[in-house]
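Residue numbers (this note's numbering), protein chains in the order written: chain A, 1 to 255; chain B, 1 to 255; chain C, 1 to 255; chain D, 1 to 255; chain E, 1 to 255; chain F, 1 to 255; chain G, 1 to 255; chain H, 1 to 255.
Don't read these hints as lab results, they were simulated from the structure. Ideal Cβ placement from N, Cα and C applies to all residues, glycine included. Treat each hint with caution, since some may be false.
[Said to hold, decoys possible] Straight line, CA to CA, 25 Å or less: simulated DSS-like cross-link-like pairs of lysine-lysine:
hint	chain 1	residue 1	chain 2	residue 2
1	C	Lys212	G	Lys212
2	E	Lys212	F	Lys76
3	B	Lys212	D	Lys76
4	D	Lys212	H	Lys212
[Said to hold, decoys possible] According to the in silico footprint, chain B covers these stretches of chain A (three or more CB under 8 Å from chain B):
hint	region
5	141-152
6	223-233
There are 8 protein chains.
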Amino acid sequence: MAERRKFDDILNAFKCGEIDEAEAGARILELFYEGREHFLLDMEREKRLGFPEIIYAEGKQTGDLLDIVARMVEAKGRALVASLTPDGEQVLTESFHGQRIRTAGRMMVIGTASAAEPLGTIGIITAGTSDIPFADECALLLEELGVTVLTAHDCGVAGIHRPLMSLQRMEGAQAFVAFAGMEGALPTVLASLTDLPVIAVPTPVGYGFGSKGEAALATMLQSCSPGVTVVNIGNSVGAAAAAVRILRAARTSAK
Amino acid sequence: MAERRKFDDILNAFKCGEIDEAEAGARILELFYEGREHFLLDMEREKRLGFPEIIYAEGKQTGDLLDIVARMVEAKGRALVASLTPDGEQVLTESFHGQRIRTAGRMMVIGTASAAEPLGTIGIITAGTSDIPFADECALLLEELGVTVLTAHDCGVAGIHRPLMSLQRMEGAQAFVAFAGMEGALPTVLASLTDLPVIAVPTPVGYGFGSKGEAALATMLQSCSPGVTVVNIGNSVGAAAAAVRILRAARTSAK
Amino acid sequence: MAERRKFDDILNAFKCGEIDEAEAGARILELFYEGREHFLLDMEREKRLGFPEIIYAEGKQTGDLLDIVARMVEAKGRALVASLTPDGEQVLTESFHGQRIRTAGRMMVIGTASAAEPLGTIGIITAGTSDIPFADECALLLEELGVTVLTAHDCGVAGIHRPLMSLQRMEGAQAFVAFAGMEGALPTVLASLTDLPVIAVPTPVGYGFGSKGEAALATMLQSCSPGVTVVNIGNSVGAAAAAVRILRAARTSAK
Amino acid sequence: MAERRKFDDILNAFKCGEIDEAEAGARILELFYEGREHFLLDMEREKRLGFPEIIYAEGKQTGDLLDIVARMVEAKGRALVASLTPDGEQVLTESFHGQRIRTAGRMMVIGTASAAEPLGTIGIITAGTSDIPFADECALLLEELGVTVLTAHDCGVAGIHRPLMSLQRMEGAQAFVAFAGMEGALPTVLASLTDLPVIAVPTPVGYGFGSKGEAALATMLQSCSPGVTVVNIGNSVGAAAAAVRILRAARTSAK
Amino acid sequence: MAERRKFDDILNAFKCGEIDEAEAGARILELFYEGREHFLLDMEREKRLGFPEIIYAEGKQTGDLLDIVARMVEAKGRALVASLTPDGEQVLTESFHGQRIRTAGRMMVIGTASAAEPLGTIGIITAGTSDIPFADECALLLEELGVTVLTAHDCGVAGIHRPLMSLQRMEGAQAFVAFAGMEGALPTVLASLTDLPVIAVPTPVGYGFGSKGEAALATMLQSCSPGVTVVNIGNSVGAAAAAVRILRAARTSAK
Amino acid sequence: MAERRKFDDILNAFKCGEIDEAEAGARILELFYEGREHFLLDMEREKRLGFPEIIYAEGKQTGDLLDIVARMVEAKGRALVASLTPDGEQVLTESFHGQRIRTAGRMMVIGTASAAEPLGTIGIITAGTSDIPFADECALLLEELGVTVLTAHDCGVAGIHRPLMSLQRMEGAQAFVAFAGMEGALPTVLASLTDLPVIAVPTPVGYGFGSKGEAALATMLQSCSPGVTVVNIGNSVGAAAAAVRILRAARTSAK
Amino acid sequence: MAERRKFDDILNAFKCGEIDEAEAGARILELFYEGREHFLLDMEREKRLGFPEIIYAEGKQTGDLLDIVARMVEAKGRALVASLTPDGEQVLTESFHGQRIRTAGRMMVIGTASAAEPLGTIGIITAGTSDIPFADECALLLEELGVTVLTAHDCGVAGIHRPLMSLQRMEGAQAFVAFAGMEGALPTVLASLTDLPVIAVPTPVGYGFGSKGEAALATMLQSCSPGVTVVNIGNSVGAAAAAVRILRAARTSAK
Amino acid sequence: MAERRKFDDILNAFKCGEIDEAEAGARILELFYEGREHFLLDMEREKRLGFPEIIYAEGKQTGDLLDIVARMVEAKGRALVASLTPDGEQVLTESFHGQRIRTAGRMMVIGTASAAEPLGTIGIITAGTSDIPFADECALLLEELGVTVLTAHDCGVAGIHRPLMSLQRMEGAQAFVAFAGMEGALPTVLASLTDLPVIAVPTPVGYGFGSKGEAALATMLQSCSPGVTVVNIGNSVGAAAAAVRILRAARTSAK
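Pulled out of the complex, with its shape left as it was, chain A reads as follows (with noise of 0.2 Å):
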């Protein structure tokens, strides 16, 4: 193939002292990517990681988002929006009225991929009803790349019953991701009853001292149950990617 032969050339540039140690090094990695002028599409990311590339919409001009999503739209059949404002909301919807458009949260996903093979099963548990658009961003992200999602809402510790329910609808789940805001101990409590990983997402719920999230995620770091792992506030596209990373390690150990 093409690629094959240009990585022969530099080869050989090379062992012919045309090109330095670094030159060649440099364009052999240059090889494997498709750069552009304004945003390097890493197309491949995929492939690599498992994972597509998510398109984060927040200080981007529109401009520029339309002709991403464009863009990976033809080259992939779909596109991931994530952190959408409500304008670029609806001038996504109008541009791109023919192709399939899903949304949850601030996420939009536009068009359709090839059938997912099917990765795994996740719980997704909420403490409040104020974290379920976080938690719904995380579920239509993971369904897209073929996991099952089993999900219970308004679950927090203010009534002790409610995250040892929320377990018991959890069948055949790999993984747990757990939303919580306020004084975010949902992950702890939860983690104190399984021994499968949890995935905590601090929420930005709360007023006052260690609002927007704040409190959440110190709880979360500081759990006395060990093993609980967090990501960032709100980050519930971190928490997706993370989540297929267990599923995929739990495949390669299945083989």
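Assemble the complex: chain A is given as a structure, and chains B, C, D, E, F, G and H must be docked to it using the hints.
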């Protein structure tokens, strides 16, 4: 009595114009208290507030500390000292070896007060063994003031049955003081299981982000169980005083 | 009753080995509560905790909010909603215009509960006029629960006579809730003048360093008057719940 | 068995009205655990969570520490102690000199457990030599639990070839634990090169602004590589526990 | 010249005792500058510092802004305005529609200065597309001052080949300005690959803990690659000024 | 007079045992002030403190604000209002259009007080044009109280001659108020050039790390010129009050 | 005198073109001061600023400290040293045992200056006994500069009569310096009772959240009594210098 | 040479399909470096970056430190060690007593490198005597690398003539490194007087709020003089490296 006479004198001096309003008000206030050069022992405080003055040892020089304690023992029969260093503890133990001495955590009681009238019953619950020294300070102080103390230790949420079990040992308690470091979730869970007052005390236990009790403090202030109130990190004296105020409110109501 | 029968069924199923211990425990817990898909209305909470569930409007979508309120009004006769935006307030007012509606600050009460048994008397004191909306929320909630409320406004320490005078209007109060922003010194001064509980509520009033209630929160936690307890910034609901817990402790003692 | 009989007794007592629902639930929970006065050794935790209880030495008094360790060694054959001071380490070494003792960083293993079933393989990678004591704690704990550990040290991004080379030594690893202080960029780079789980551990290495691991923590939470999860600063125990949870998920799936 | 004469007058006035030392020193300093009532346009600054005065629009009232810009255009031919709001941008565009206008990010150049002598070459590299507006401000300013600018965008470490490739496009650059938000690792990696100056600019891009550029700032200050220097979050003007200072040092040395 | 009689009545009531000490003291204090339901206008404050009550508009509802202003204008002839929103400014302007109105920054003076006795002279110096609105508030307030104000604007240390020159315009000033945002170095430099009081006011001007006046506040508190005192960020009212206190001290001494 | 001649020489050198403007300005400035290699003893500072140079011992090596103190004693008759460690105190005491030595807190005065002209009277008030070492430093420094000092200790707001009584002992004071740790409310209350300057000094007294003086600093900056000014935590030297500036303003006015 | 042969081998192995692309790239990178078990001495770093590897002693165990230093001395003739404790300094001095040893602050140079080619001239300026140890570290490192160093100490802005005079001693400097603690204003003033690079180093000097260099860091990042760049608090090594990068840029340009 002497105070009455002095009070009348002030009023008369004011009436005949010898002194103006400001001076009259100030002299009247002065009557109620005993003022000294370097420290104003607030001798009437116990009568007024139902809580004796606590001598904070931290930052005081040894000579001053001995003077104040001696004076308090002489006047009241008993001195309550907090935030003692090991050195301070040794000096006081030697200086007052003839007196009854009780210690807990960094607190020391020297001497004996007249038997306190029974005030009521308080339950003290800790999340981990590292919280016990703080709880012991609180218990010692409450007992000295005539409060019956019930205790349950090592009842953190990492084993969710433990907070439930701790409350079962608390028969008769009128309010609870809950000590927790790390993620500090214990008072939230307790408050979801009882309708009585829960005073939360964050302890400086933990590591990394949110250590020294800061995560626990944030958790307690953000508690999703309404009605938890909080004192400062490691403030076992303040928690005891708050518990006494609640018992006092209960006695007032009971009349 | 039905619950009793189900409970026996579980026990029997366990006895004859149909279900194991874990399942038996879980089913028993499940009996006590009513579980729903998107929110678990904790119907028994008021009976258990002596404090009704408060619906936090913040972060909830309008449809969800209307559903929850409607369901609560239907089940209990009355819904208590906090942290309302002006939009949310308008929507609720229109949707429930046939109901009795009371508002204070960002709180709204919709509907009527059966007459509450008198619980006792609470004194509410504010440092400045900007603290009044927070105090009004607390007062409204307490009154709905059958508490007699005494109030004194604008009693901050900038005029040192004002805290003294405020307490004189508080005849019969069993505990005090003190609201203050800025430097937040009011609860400290009040607690030096009374032996009853003082619940301190920092308000998000102030500017520059320590604004949004942070200076007031720090002051209250560092209070040199022992026995002040604190709730989070602007947490008038938590303060009301704490006051109710104290009154409940008083009633228990009085029996 | 005895537990079974007691359980039936409770159920019967409930059936005939001797005890109410609350008491029945509580007694049932109590059955599953062994309660003690000053500490509740959670003997069943290992069975339930696949992870033994770790004894945190910090804040415990020497007598208490020796008691707990002795009891754990007696019951389980092995005690795992973390956050030891040099003094504590010496006392334990002397008191248990007849036992097998292994140390790493501030952790100590005393005694021998029955041979653990092989759990899987974890790769441990450090950014600098100062991170090694934390990594060693993690490795010791994993090895004690039957995990095969691969290590690569001093692989920080200051030489960009080093993270790439570290992954080449990690054949067979199912997940990675990456330790980094200073700017903490290592886990981000690793996660861009693998599709397996990356658990990031900030270490308290660095100086000035963002020292004590705070810059590293922020970097790891803000990682531009999706799917990195984080534990608290220096929390090597938590990282080991999270790794074990992932291996457990893999084993479950493999069945 | 006039200034010389005034200077002699001052010296003479001092010699004959009409004025004292303090006044003499002050008057001499005053000679070098032009003072105005409401703003002191530092007309000589460009000559002294090799960098023109930048007009910060933020916090200035529209009238004042128009006055200052008009005066600067009249005196220098060109005004450089930073931190413009959309409103300010519109007002300036309308008021100076006859002038040449260039914009980038929140910066605007109005008018034309005499052709700048070529200063040298600077490479500008961004981690993500959201950093581009900040980089554009820097590039615009450098170009106006006679600097050749090379750019490479979207070169963050999530694809580790991208920073390597970005440097390959930077032939001839004498120093680099690197813009990054989120975890901010780009400048660290660049500085490990070049021996030229790297000026790091944290951008306010990111979410949750460490957002608004704080994580990036901490990362850059804690960089494990020695020799990275940092300017404040979003300070593209400062970065341009620092780059010009380096080029100026190079020119001085080259003579 | 009436107050005298009431005072005697209280004393007599106390003498004959009708009231106890506590009540006597409280009633006496009450005499000196005028109490109202929702706000205690501290009518005697100006006489006592030499500084009128400032009405903070922030957080007050429009109706309350109008009432308080109207009452103050009626009682004193003049109301001083701070922290006005544009809406509040418009409402007051319309409601009091028959009155003399002066505005500066977010402050407004409504009505006319009797001519103030000259108090002395204060110098006001700003670092940049963005600080002027804060300085204008301070100047307006001082002028209303009979103080002569000297001003010098845009005198920051970026041109080191500017602070020197600013002091030359300050002939006769008895103290200085210096406003600075950004790095806040101006008061330090001023205090190294004069032996008179320098009151430093950090302003919320700047960007990125240490913005909103926090860097300026830290700089001023850490000043290497001894004797700089500081008020809170943007607190022009507090700075004016502090300046008046100094002038009052000077007048007292002059007698 | 010699300086005058050198000054003329510079001016003449400038006039005949031997040196340029920049050099002339610099040489003139240089005349006024005495420059040394490692430290510029600012010998004229006292004359210029009415406040002697304070030698900060912290961070200085013993040899340097002894040199600087010896040189200062030789030149001025007296050295003022602050932030001494116990070791430094001992070394200085031994090295200068022939000199008059006075100590307070961490401050030491070595030697004797010519009798200072009386400057005026300052009142020093502390909230608690732990604040006294800081107040003593301030008092010692003021006395050395010829200020009459009045003191009142242990006057915190926990007994509200104490701040009132403290002011009664302050007859003749022209300004107040108030020291407080913990919640730091004392200066606010004092400033509500006097129209003279109140300089607030937060002390590093307290525990938990807001300890090390941070709560007190925030309180003082947020004070609801207008006109309180603040120096940094524990900055008794700065408070003394500020007090001297006020007395100097008063003397200027009195002339 | 051997490396060349190995490189060809890799290429050939890749060509004939024995290894895939990923392995080929990794092996090529591996060639350029020498890998060890516990630390990868980056032997080529000096050639690549023009700056030798600095050994950070902090957190390393004595044995490891001695090994690394010995190996570095053997390979390069000279080892550069930073952040030494007094103990570490003593151990190294004893272990390498036969070698040339130079120390400054917490830095030590052991052994001799071949004479460095002259790189250029750097000016080092400190604000106070407490900053000198940090400046000395920077100077020692620069001198070892062949840089001519000019120094001016104790030039802070408390005497505004001092920064001006310091620059007069800096004839020939191509860039400046400015060290300041406390309020950190020195680099801002220097940058307003020169058009050359100013690298600002905050030092951990100061007390109370903003101590440990935080106020100085904030000041330097907020500097109103454009073009100041900043390294972390106390980072004298980073400042030296940044200065070397600038000199290297200058040399490149000069060619």
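Each hint tested on the structure:
1. Distance restraint check for Lys212 of chain C and Lys212 of chain G: the Cα-Cα separation of roughly 21 Å lies within the 25 Å cut-off, and the hinted pair is therefore satisfied.
2. For a cut-off of 25 Å, the pair hint linking Lys212 of chain E to Lys76 of chain F is broken: about 48 Å separates their Cα positions.
3. A threshold of 25 Å between alpha carbons decides the hint, and for Lys212 of chain B with Lys76 of chain D the separation of about 32 Å lies outside it, so the pair is violated.
4. Pair hint Lys212 of chain D plus Lys212 of chain H holds up; C-alpha atoms about 14 Å apart against a cutoff of 25 Å.
5. With a cut-off of 8 Å between beta carbons, the region 141-152 of chain A has 0 residues touching chain B; three or more are needed, and the interface restraint is violated.
6. Here the region 223-233 of chain A counts 3 residues with a CB under 8 Å from a CB of chain B, which clears the bar of 3, and the coverage holds.
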